[in-house]
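J.: Residues per chain, in single letters:
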Amino acid sequence: MSSPPSDLVLDLHYWMRLTRTLDNQLIALWKQGRGVGTTFNQRGHEAISVGAGLALDPDDVAAPLHRDLGCFLVRGMSPRRLMANQLGRATGVTGGRDGNLHGCGDLSLNLVGFISHLPQTMPVALGAAMSFSYRSEPRVALTFVGDGSSCTGVFHESLNLAAVRRAPLVVVLENNQYAYSTPLHQQMAIDRLAVRAKAHGMDSDTVDGNDVEEVHRTVKQAVDKARQGGGPTLIEAVTMRMLGHAIHDGAEYVPQTLLDDWEDRDPLRLYEEKLVSRKLVDEDYLARVEEKCREIVADAVDFAESSPWPDPNTVSDRVYAG
Amino acid sequence: MSSPPSDLVLDLHYWMRLTRTLDNQLIALWKQGRGVGTTFNQRGHEAISVGAGLALDPDDVAAPLHRDLGCFLVRGMSPRRLMANQLGRATGVTGGRDGNLHGCGDLSLNLVGFISHLPQTMPVALGAAMSFSYRSEPRVALTFVGDGSSCTGVFHESLNLAAVRRAPLVVVLENNQYAYSTPLHQQMAIDRLAVRAKAHGMDSDTVDGNDVEEVHRTVKQAVDKARQGGGPTLIEAVTMRMLGHAIHDGAEYVPQTLLDDWEDRDPLRLYEEKLVSRKLVDEDYLARVEEKCREIVADAVDFAESSPWPDPNTVSDRVYAG
Amino acid sequence: MEGSSNSAPTLTYIEAITDALRTEMRLDPDVMVMGEDIGGRFGGAFKATKGLEDEFGSRRVMNTPMTELAFIGAATGMALMGLRPVIEVQFADFISTGFDAIVQYAATTHYRWGAAVPWVIRAPSDGGIRSGPFHSQNPEAWFVHTPGLKVVAPATPADAKGLLIAAIRDNNPVIYFESKPLYRSLRGPVPDGDDATPIGSARIARAGHDITVITYGEMVRQAMAAAEESAPQVSVEVIDLRTLKPLDRDTIIASVQKTGRVVVVHAANRLAGIGAEIAADLSQTAFEYLDAPVYRLGGLDVPVPFSPPLEDAYRPDADNIRAAIKDTLNF
Amino acid sequence: MEGSSNSAPTLTYIEAITDALRTEMRLDPDVMVMGEDIGGRFGGAFKATKGLEDEFGSRRVMNTPMTELAFIGAATGMALMGLRPVIEVQFADFISTGFDAIVQYAATTHYRWGAAVPWVIRAPSDGGIRSGPFHSQNPEAWFVHTPGLKVVAPATPADAKGLLIAAIRDNNPVIYFESKPLYRSLRGPVPDGDDATPIGSARIARAGHDITVITYGEMVRQAMAAAEESAPQVSVEVIDLRTLKPLDRDTIIASVQKTGRVVVVHAANRLAGIGAEIAADLSQTAFEYLDAPVYRLGGLDVPVPFSPPLEDAYRPDADNIRAAIKDTLNF
Ligand SMILES: Cc1ncc(C[n+]2csc(CCOP(=O)(O)OP(=O)(O)O)c2C)c(N)n1
Ligand SMILES: Cc1ncc(C[n+]2csc(CCOP(=O)(O)OP(=O)(O)O)c2C)c(N)n1
Ligand SMILES: [Mg+2]
Ligand SMILES: [Mg+2]
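Chains as they are written, first to last, in our numbering: chain D, 978 to 1299; chain F, 978 to 1299; chain C, 350 to 680; chain X, 350 to 680.
Hint data in this document are derived by calculation from the structure and do not stem from the laboratory.
C-beta atoms are modelled at their ideal positions from N, C-alpha and C, and glycine is treated no differently.
Accuracy of the hints is not assured; some may be wrong.
[To be verified] Just so you have them, the derived chain X footprint on chain C, three or more residues with Cβ under 8 Å:
#1 398-406
#2 443-454
#3 492-505
#4 637-643
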């Protein structure tokens, strides 16, 4: 296994750091009572959302969910617009019509937004992939889904349809051990979630969701295969949701030992250690990146908090396309 | 493999013959313009519906679908009530409220009725099974599902829930090569449908759906296992839908060679030949059974056609339970 | 019949649907059809898509597995990428199986993040043909109540074509309720070209001055029969709504200002149906013009029953409409 | 506070829900609860089932995977076998995910083959709390329009308990819409015993003689505030519907006969909402008593927006109700 080129390595690291920094800032804002509505946590998911997101070409379509802050970022959605959306401002992605990461779609960035009803985004991403086949375009669609969501009907219908149409779709299944408060063993009678694909004759793989290079490499292979007409792939990425489901959730139902075990394998720290030991970066570099990310996020907060609220007179605008 | 006891052998044969006779009579009635609405065909499915249906104890619950005329019969629903339902009479199972085999449920016979939305009956049958666990009753629920229906979300949600709860449920998947006009290869990227179970960690098996003893034996094993707390099983029974989807459908989309191949393996004729060759019955016996079935079915037609229509003043009755 | 391309040949309602699909597929390579059993020689449960695969190939005529959630959701993704999928649900009754994909995803997308979802769902609806509770439903009220959708329901072959063309060209998710009892029993002139019937505009199916009957779909035929039977003593105006969302309030109000009396009719459950919205709206906006309460006639609050005497008791018809007209005039 | 078992302790709205569940689970071993995350120490997204697993065990408090279709369908099977499942959907918004299991299977079963389906769905509905388009919905109109269901929506802690008890004992599928904004912000006396609030009977929340405000859920609180602010100049009667299906037409009509003026209010989309049914019905059955058109106040025809200024513009409140009262009196 050859190492990835160094610009990719630095990208993987940078976006994970930015994701973590933004996530931490959201938590801080809400703890300080500066939030609006709720916000989700993504800690533990950086390697998956960033590793997978960076496996795409700009023309490809991504449909990230509530743990995939990193994917929104690598696809070019700015921290300013994301933060403003979280705070319900007119300058946010949805102009205050939707909250947190919900609805953060932007076709100019080839980003498809999600809805709460999980995982209704899957068939939509599949449809994007089917449109590529329809037009013989060499493009791929990527979407994410959780372990809990892999129990749903729409997940299976989507895999079945993707497989029978050999659609250029890659599905990253984020097995983070829990659906809200419900552990895997109360959700399903399997423990290797990649087997879900077998029911539909689809290729699948399982990766360490805390190893960003492994995630990236495996998703990239699946993306390349899909682009070449090889059909869809389901990739299970195993990780742990390190915080509550959303900001209000203390996750007291998660055994501390489980968290401790996974804390030792924090995807960002693991990668930083790896890069230092490979001598690709030094501590100084890491500190500079961290500082840069902090600045970007601070700027996003300033931007969002000084942005106007949406005008209530526009509430009925934009229900329909012209 | 020991042969089944002779009373079971004769039962399997008798109910298959009655099913075939009733099905033929329905076709004849509709061709003569004596039908109301539509009626489904079940030719080719006799071994599955009868073989599986007879694997249950009286206390067990069955939830048969539109190809499972045989299961309704073996569970004790009379040809009279079934025929009257097909003809929309007050004496039919639903009193004219629902048509053909739809809604033919009767809790006194432990039969759960189905709806068109396929396969919404699956979670209902699962719920019956879950109620047996809840009450620690040694009972089992059995339901049927088609190949087309195995693509649906509700199918997969039901298997997942059944598996994680180890519910005493047996699901017979009737792979009859088509969903209406759509052949398997346009529906899914698999050809052995039993693999659907793998996605949910459920046991599964595949049987020759035209071999009534194999169907019966395999379903019985699954029923026994479920009754002993061994959890659910999915059994794929492979057969061919020998006629159109419903009475109006000439099924011109089915290649004749395919039908010819399967006609050679007609489940009823195969079994009659086997019984004769095993010297368990003779031609005379078979003729007598056929005659008896004809009488029963003729009586059912008389009963239904001489039954009153429902009173239109009752149209709003019975929407709610008291 | 002359061969002029501007003539209006006589087509059945379902032929007009096929004509609209063919017309739009010829004009726009982004238009495609998808659904269960719609392809090949079969051409769908009602044959509305028969012949299309021969002309346009299987890429543009896509047989789907029985997965309403996945294929409606996929149509949304295709629409986001600029295609214009026309989805057939085999019966309108099965639209509930894809409910989330419609009311949660597609309906809200443009409002939330500004992306257009230009698909059409063709939903063969309505009863009167002994099809029982699961092949006879008229579920339009669910969708009229849901923000973000448009809903149309043609009553004539000409509008079956014109509204389908308009729906395909519309940049929003449109649900097109076709009335099964009209498929082969109603025949009428259908313009040859590619003219659209504008969404949001009702049609005066019959002018009159004593009373207004407001309806849509197959009930227009029943209302026309009732109007004929009531003439010449009573002059009945019949409004064919054509679009259920957005409602053409101007046409409705103008008629009511003239007649002062209204009967609203639909085959769907009367309770909390479209008729309730129209009656409530008129009672508020045309209060001073109404000489009698708005009479609502609709299906009973029961699942559509199968047996003929029960279904006939369930479903309004010309006789019921005539009686409602009489009642409302005698108020 | 005295310890008498007949006293009425003061509970929050959500405590009253828990109280009802506990009361019925103690009385009837066939009553059980199921849903996502409802078990264990967690006790559900809103903690309505907290403590129940400790008392009744995991057999009767069943955590389900995220499979709305399967677990609502399974509840139907359990109900057919004589159990009385109380299903929690995590938010009312997700009820659309289990739609077929509700509107197609459960709702039609008794009509078709005479088997009772005694389950309850608890649906945490309503907005005003900055939860955005998918955690703020009021989807009751879909279910009122669907034959075979009952629909209730308590506005007070006492009715939160009483209606849930009634729903559990009812032999039909009942959808119980609880109003999230009331959960912890509304506190009131709740009878200690196991009395049911009968399904189908509205409540005069406030007697008055000038005008009737008809509403339910959290809007009762808004209406009461508007009524207080309108007094003493205007004497407002407030009807808390409590049951949306079947509607208590007698109570409504009696009030309208007295006041002659009506405002109907709900947070759900006004278009083709419950208010339309009530207004249409009154306009027909109380035509001669109405001195002004029935005023309908409801949510806008848009997805419930997230941002505070937008949600406030979407959603009726006491000020809007006061203005509607004024308008209707000045008609
Ligand atoms: C259809 C549906 N039902 C219920 C919910 C409520 N809900 C929000 S997130 C969640 C758990 C999701 O678990 P998983 O898919 O594993 O994703 P994770 O949050 O762990 O990343 C639930 C039940 C929902 N969003 N959608
Ligand atoms: C949810 C849903 N969508 C569409 C239909 C229309 N339909 C009726 S039968 C059928 C095919 C069913 O195929 P399969 O499950 O293989 O059963 P079979 O009829 O072959 O026994 C379809 C599509 C339906 N009944 N339910
Ligand atoms: Mg998870
Ligand atoms: Mg089949």
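J.: Does each hint hold? Answer for all of them.
T.: Hint-by-hint comparison with the structure:
{"no.": "1", "hint": "398-406", "result": "violated (count 0)"}
{"no.": "2", "hint": "443-454", "result": "holds (count 6)"}
{"no.": "3", "hint": "492-505", "result": "holds (count 5)"}
{"no.": "4", "hint": "637-643", "result": "holds (count 3)"}
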